[in-house]
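Q: This is what each chain is made of:
2 protein chains.
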Amino acid sequence: MLEYFEDYEPGTVVEGGAEVADEAEMLAFARRFDPQPIHVDAAFAATGPFGGLIASGWYTAGLFMRLYAERYLSRVASLASPGVDELRWPVPVRPGDRLRLRATVLSARPSGSKPDRGVVRTRGELLNQDEQVVLSLLAVNLLRKRPASNT
Amino acid sequence: MLEYFEDYEPGTVVEGGAEVADEAEMLAFARRFDPQPIHVDAAFAATGPFGGLIASGWYTAGLFMRLYAERYLSRVASLASPGVDELRWPVPVRPGDRLRLRATVLSARPSGSKPDRGVVRTRGELLNQDEQVVLSLLAVNLLRKRPASNT
Numbered sequence: 186m187l188e189y190f191e192d193y194e195p196g197t198v199v200e201g202g203a204e205v206a207d208e209a210e211m212l213a214f215a216r217r218f219d220p221q222p223i224h225v226d227a228a229f230a231a232t233g234p235f236g237g238l239i240a241s242g243w244y245t246a247g248l249f250m251r252l253y254a255e256r257y258l259s260r261v262a263s264l265a266s267p268g269v270d271e272l273r274w275p276v277p278v279r280p281g282d283r284l285r286l287r288a289t290v291l292s293a294r295p296s297g298s299k300p301d302r303g304v305v306r307t308r309g310e311l312l313n314q315d316e317q318v319v320l321s322l323l324a325v326n327l328l329r330k331r332p333a334s335n336t
Numbered sequence: 186m187l188e189y190f191e192d193y194e195p196g197t198v199v200e201g202g203a204e205v206a207d208e209a210e211m212l213a214f215a216r217r218f219d220p221q222p223i224h225v226d227a228a229f230a231a232t233g234p235f236g237g238l239i240a241s242g243w244y245t246a247g248l249f250m251r252l253y254a255e256r257y258l259s260r261v262a263s264l265a266s267p268g269v270d271e272l273r274w275p276v277p278v279r280p281g282d283r284l285r286l287r288a289t290v291l292s293a294r295p296s297g298s299k300p301d302r303g304v305v306r307t308r309g310e311l312l313n314q315d316e317q318v319v320l321s322l323l324a325v326n327l328l329r330k331r332p333a334s335n336t
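Each protein sequence line maps, in turn, to chains A and B. When you line the first sequence up against the numbering used here, it's residues 186 to 336, in that order. When you line the second sequence up against the numbering used here, it's residues 186 to 336, in that order.
Since the hints were derived computationally from the structure, they do not count as laboratory data. Warning: the hint list may mix true and false statements.
All copies of an identical chain are treated as equivalent in the list; a pair is satisfied when it fits inside any one copy or across any two copies.
[Said to hold, decoys possible] Using 25 Å as the maximum straight-line C-alpha spacing, the simulated SDA-like pairs for lysine to any residue come out as follows:
{"#": "1", "residue 1": "K330", "residue 2": "E210"}
{"#": "2", "residue 1": "K330", "residue 2": "G237"}
{"#": "3", "residue 1": "K299", "residue 2": "A231"}
{"#": "4", "residue 1": "K330", "residue 2": "A228"}
{"#": "5", "residue 1": "K330", "residue 2": "A231"}
With the hints as extra help, turn the sequences into a complete structure.
A: Here you go:
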């Protein structure tokens, strides 16, 4: 169980979850946030390079975040995230795809300025039912250290 | 009007739009995609470092994408995007914030492998009503060149 900064040891892998890319939700998301034809126009998308609708990369990122928050990020110790690097969508997500999380701790170091916390860098991935990586990113998270009384 | 690859000249700036971070939408998004207490639990958030609820960074990214798709990305020439780098959320977004887009073409080069398209790199930003940058990223987009008959 990843609870405090000290638990995020480099090499630790958390894997699991099953978020389905529901077609209606995918379309509603794209209509509001990413209304490009390839994401919202089924007839157009059918004639395109993917042979049908594909999810907005930001919807895929939302499904990733859901699993990352539920299964990886500590509920008691997570502070703000300054950002994300190398966000990639190597394989398109299609309606009905079943996606799971893989999160790997790359590094963990105590904060230089604030003694109560540390900085954890994570490779986050989302894989589909065919074991293809559909999303990959590098996340930076600030996590509180375990309180002295809990050691 | 940015229509084909050739129109995305380095230094071009597109600015505008007004997306409001609606509290109900912000909460619904976070409950589904990013259920961390700071995004979904108003009582908890009130006692935290921000003194209230802040938007999931992925909701902010969604508002960015809406404006980016509507105002910057060509409807006729945009192909897939391989990814995004340096995604940052330097200032939190709060309910009621009014956000606008600023997109700056950083570079544009013809594709080395496919003669019909080019690669455009863009600094994308979202600014709030106080002129603070709340989201910043580097986007890579593939755009078709202008067809010869249209020149």
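Q: For every hint, state whether the structure bears it out.
A: To see whether the hints hold, each was checked on the structure:
For a Cα distance limit of 25 Å, the shortest separation of K330 from E210 qualifies neither inside one copy, at 38 Å, nor across copies, at 33 Å. With identical chains, the CA atoms of K330 and G237 are at most 25 Å apart between copies only, with a shortest distance of 24 Å across copies and 47 Å within one. Taking identical chains as interchangeable, the C-alpha atoms of K299 and A231 lie at most 25 Å apart only when they sit on different chains, with a minimum of 22 Å there against 53 Å within one chain. In this assembly of identical chains, K330 and A228 lie within 25 Å of each other by CA distance solely across copies; the values are 24 Å between and 52 Å within a copy.
Taking CA atoms no more than 25 Å apart as the test, K330 paired with A231 passes between copies only; the shortest distance there is 23 Å, against 51 Å inside one copy.
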